[in-house]
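Join the two chains into one complex using the hints; note that each chain is given alone, in its own frame.
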Amino acid sequence: MTKISRRTLFKGAGAASLAALASPALAEDKVKVGFIFLGPIGDYGWTWAHNKGRMQIDTELGDKVETIYVENVAEDASAIPVIRDLAQQGCKLIFTTSYGYMDQTVQVAGEFPDVKFEHCTGFKRADNVATYNSKFHEGRAVLGTIAGKLSKSGVLGYLGSYKVPEVVLGVNSFALAAQKQNPAATVKLVMIDSWFDPPKEAAATETLINLGCDIVTTHTDSPGPLQILEQKGLHGFGQGADMSTFAPNAHLTAIEDIWGPYYVERTKALLDGSWKSIDTWDGFKEGTVVISAYSKDVTPEAAAEADKVQAGYKAGTYNIFTGPIYDQTGALKVKEGDVIADADLAVMDWFVKGVESAS
Amino acid sequence: MSLDFIIAAIITVVGLTTPILLAGLGELVVEKSGVLNLGVEGMMLVGAISGFGVTVFTFNPWLGVLGAAAGGAAASMLFAVLVLQLNSNQVATGLALTIFGTGLSSLLGLSFTGRIIVPFLSVFPDWLAKDPVWRLFFGHSPIVYFAILMIPLTSWFLKSTRAGLILRAVGENDLSAHSIGYSVVGVRYAAIAFGGAMAGIGGCYFSMVITPMWAEKMTAGRGWIALALVVFAGWRTGRLLAGAYFFGILMALELYAKASGFSFLPSQFWAAMPYAMTVVALSFISSRGTAGANAPACLGKPFLPSS
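Residue numbers (this note's numbering), protein chains in the order written: chain W, 1 to 359; chain F, 1001 to 1307.
Chain F extracted, bound-state conformation (with noise of 0.2 Å):
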């Protein structure tokens, strides 16, 4: 195995890792403040659809990703009125979200069916990238690094910042955070919003630099394995880059293993890992009993403070 060899595996895993890690880190976030939002499939599509679309009317991938990013959050809001100003169940709601980005984004897209834009790839110097070693530093496309950025940023938010111990306050007991003159609603709103461009983003990583096209449902499902993702994670932002990037070095493990003739596993096994390792994971920290530690206490609950 020559270091190109190994370098161009790297970059793949990449290419798999990052929209998971996007999406699953926007959750994270909504999942903190004690709401569960399903839609994360849809959020992915419309941002996809989004992207791409600004791209193409705007030659601009930087505006396409500002799209994108706009695109989840207006998708994310539909979800956030009916669950936060009419407390309709979060679950039934995720779903309709995620139905509903998949019809909504294949009518958006159908005047952009069959054309392309330019990827948006590097934007570093093509001599900084032009060494195998160099690349793996400044190869990749701008969300690459925004993503892994934010691991970091969305970390010292939620541990070191007052509005993220208000955020965390909400989603652990949001009764006590009302009655201390937070406004339970409106962090939800925010925390939402901040899911739904995330995913958005992540969605557009599909359109605009994997295959700089639109297709219909082209995400495929990734956005249940960026749910997965945060409840393999833990609720915790350093084992979500090391979950996410688990997960993709999976999936690009199960296709090279395929190339190489390796037939050890049935594909369904590789297909199954990520909610697999999920579910051994939630049994690994059920028996410590430390769930309830981890798990955010009103997550999925509606938030009735008048009752």
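Here chain W stands alone, though its shape is the one from the complex (with noise of 0.2 Å):
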């Protein structure tokens, strides 16, 4: 494994030989995967898991491949040349691991044919780029059902990033499932646009308790709203990660997020020749979405309905998108019965019953 920091790729020319001396004359006879990561690794959320699956390629298949990250990439124009270095490294496999590096990744993947790319949770495909995805709704749709049974008041706290289909589907599958557990139940959602500003999540989540919420759950990155909710007494749940040394009272249980068997996969069919340009959208039953084991404060019965949650979207016999479902004006959108497509949800912007929203 070889490490670089974007500030090294940024001094120079040399910087990519530079590397290439540094590592072991052996290791160019492995294939080289890389990656593109937004935060730093010690993050303990989403560049956290993204790393721990990368780390998984290194122990299954060390001996043929060499994985390479760069941290801390903006999702600017800057991701450009950053990504392109991986590639002119001799990387024949590209992670690109958030939305915003969309378009930088599909430019780059034009200049460099014979290199593939991965993107995550984005939609622009080609001949060379793959895209995947984790249903992390289905996790939400767990913890909606433990908030519901566990809420006091009713009143659950959203604390969204931005509004795109990704947050849409975990606000809508939490608010189902908490009213499956209790028909009354309310979300109240805002959305701080950003996925990492600890102040503003604490202050949002002390805003959202304030207006009578006792469970709130976070969409975005860091653990400062467990911790305000561990000062107050009152529960949450991780995201991304097991949070619970950061609140070890608040902390019911959280999403983690499983990468590693699909890197391995995705790097094996690169070594055997048949990878290929797929859309990939795994959840629990793949093993990419897992629950992490539930705190004390998880009621036997409320651990009982969120197993079966888990169990049904194993064995594929449970939705939560399946209907009746109501929007916030209280239309009925989706008929009884019917179940919405996933081709449907991946473009969903419109909220369900209960939530109660700015936009």
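Hints in this document: simulated from the structure, not taken from any laboratory.
Here the structure is a predicted model, which means the values were calculated and not measured.
Even glycine gets a Cβ: it sits at the ideal position worked out from N, Cα and C.
There's no promise every hint is true.
Partial list, computed: chain W residues near chain F (C-beta under 10 Å) [unchecked claim]:
id, residue
1, P40
2, G42
3, Y44
4, F196
5, E201
6, C213
7, G337
To be clear about the criterion: a stretch of chain F counts as covered by chain W if any three or more of its residues have a C-beta under 8 Å from a C-beta of chain W, and this derived list gives those stretches [what the hints assert, rightly or not]:
id, segment
8, 1012-1019
9, 1210-1219
10, 1242-1256
11, 1267-1280
With a cut-off of at most 30 Å between alpha-carbon atoms, the simulated DSS-like pairs for lysine-lysine come out as follows [said to hold, decoys possible]:
id, chain 1, residue 1, chain 2, residue 2
12, W, K308, W, K152
13, W, K30, W, K276
14, W, K232, F, K1130
15, W, K314, W, K353
16, W, K314, W, K92
17, W, K296, F, K1130
18, F, K1301, W, K232
19, W, K314, W, K180
20, W, K353, W, K333
21, W, K232, W, K276
22, W, K296, W, K314
23, W, K308, W, K296
24, W, K152, F, K1130
25, W, K163, W, K232
26, F, K1217, W, K52
27, W, K30, W, K52
28, F, K1217, W, K163
29, W, K333, W, K124
Next up, the structure:
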């Protein structure tokens, strides 16, 4: 494994050759796989989970494959030279692990037709660009089930980042699942216009608590909200990884993103020549979404209901987006028994009944 | 709206306001001495990790705050040497300090990721803060009282002490101050160090009080709001306090409006508010023709006594 930071990359044109010099001569025979990370690998969330997936390639295919990563890559034009640099260093497969690298990935992929690219959470594909994503909303259904069962006020808080399909699905999934346990449950939604802003996440959590929420779930990346909930003696959930160390009492459980098996599978496909540009959207069934151990504050009844949801997803018998589903105005959007198709979920832009939001 | 509700909202406002108030007050003194330090964000981050790190090792938040002040001041000295000794461009050097501080804090913070400390909250006995109204006065971190106390102290220092007068003289006309024997560079060193220490304490409010943890770039741009605040306040301490709370209330209003389901204004509008209000305030000051009276005359200019 060679570690390169963005700063070293930009030091000069010699960076690539320097990195090559630093690697053992043997590594030249190995196939290189590159990763572009949004945050620091120590963020205990999104990037941390992707890096764990990368390390699984090292563990399982370390004799044939060498992985390289660059962390803290901004989601703007500056990502282009970073991705290009990985390709020029000889990476045959490059994972770009955030939505904001979509156009940059497609652009660099056009320059390197022999290199395969995989873009996480996007929708633009090409002959050498595949896309992959995780059904985080399946995990949200488990959190919603627990929240609906445990909440005394029936008012739940949801801290969102932006109104993008992933977050909309999370909110709707959480609300629908909570309403199955407590039909009167409502979800107050605040979008903070950032994936990572601990002070604003903290203030937004205080606001939601003050407006009556006794359980707050976050769709932003820092453990800040959990720390506020810990101070107030209330509950919440971890995002992306088990965050119980930050809030031992407040942390009920967490959605963990498990990318390792997918990364290993795709790297194997590259090695045996079967790699194709596909769109993958895995969830509980494939093991991409995993729920952490429940804390002591999750009652046995709540745990049983939550397990039912998990088991249902794994068996393919449960889908939270099964009608009847009403929108915020109370209009029937999905008829009884109908299920929203994946293609429609991927572009969902409306909230279900019981979600109180500003947009 | 119950009393509890209003008081909880005010406490959120205090949390949003205190860091920018501290950093803004430090920057106000720096600018009064004629130096523009755009490195506030970087110094806040260095302060955040210094305060957190010292607290982890010593289990003493008071030492942590001292560590944050020392860290912020140390970072500011780098800027000071460059702009005062080598006469480098203040704007460019300040921006460099922000980038450097961000990187340095990330590096220092590597081994602290995933650790937590006990939040540095109220030091008053619990029974004092039980009643909601009393909580308003006794329920805050000591840093909050320090920030509020520093306002009249700084105001008094600038207006009524000899040292404060010299500092302002250096900021208004460095050559004249120099010609009557004051050390322009020495005064500016002291001012920059004070600004760095205050930014550091402001930064540690994030890592020690609001969310007692370390995370890269956790100040999330508050240093820039502090810079806007100084201009918004027209370089006056009283207005800085009012302005900081005005900005804090705006930030809290955004969250309350969204959480209550009001969508009368897009969120981008709220995010731009502090900066937009600064432009409005500047236009207002200029239209009254008093802009020159407020901004220190030597702000941002290098001190070149020989030329």
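Going through the hints against the structure:
no. : hint             : result
1   : P40              : holds, 5 Å
2   : G42              : holds, 4 Å
3   : Y44              : holds, 6 Å
4   : F196             : holds, 7 Å
5   : E201             : holds, 8 Å
6   : C213             : holds, 9 Å
7   : G337             : violated, 31 Å
8   : 1012-1019        : holds (count 4)
9   : 1210-1219        : holds (count 9)
10  : 1242-1256        : holds (count 4)
11  : 1267-1280        : holds (count 3)
12  : K308/W / K152/W  : holds, 22 Å
13  : K30/W / K276/W   : holds, 21 Å
14  : K232/W / K1130/F : holds, 14 Å
15  : K314/W / K353/W  : holds, 27 Å
16  : K314/W / K92/W   : violated, 33 Å
17  : K296/W / K1130/F : holds, 28 Å
18  : K1301/F / K232/W : violated, 49 Å
19  : K314/W / K180/W  : holds, 19 Å
20  : K353/W / K333/W  : holds, 10 Å
21  : K232/W / K276/W  : violated, 50 Å
22  : K296/W / K314/W  : holds, 24 Å
23  : K308/W / K296/W  : holds, 18 Å
24  : K152/W / K1130/F : holds, 23 Å
25  : K163/W / K232/W  : holds, 28 Å
26  : K1217/F / K52/W  : holds, 22 Å
27  : K30/W / K52/W    : holds, 20 Å
28  : K1217/F / K163/W : holds, 23 Å
29  : K333/W / K124/W  : holds, 28 Å
Figure legend: structure checked against the earlier numbered hints; hints not met, in rising order: 7, 16, 18 and 21.
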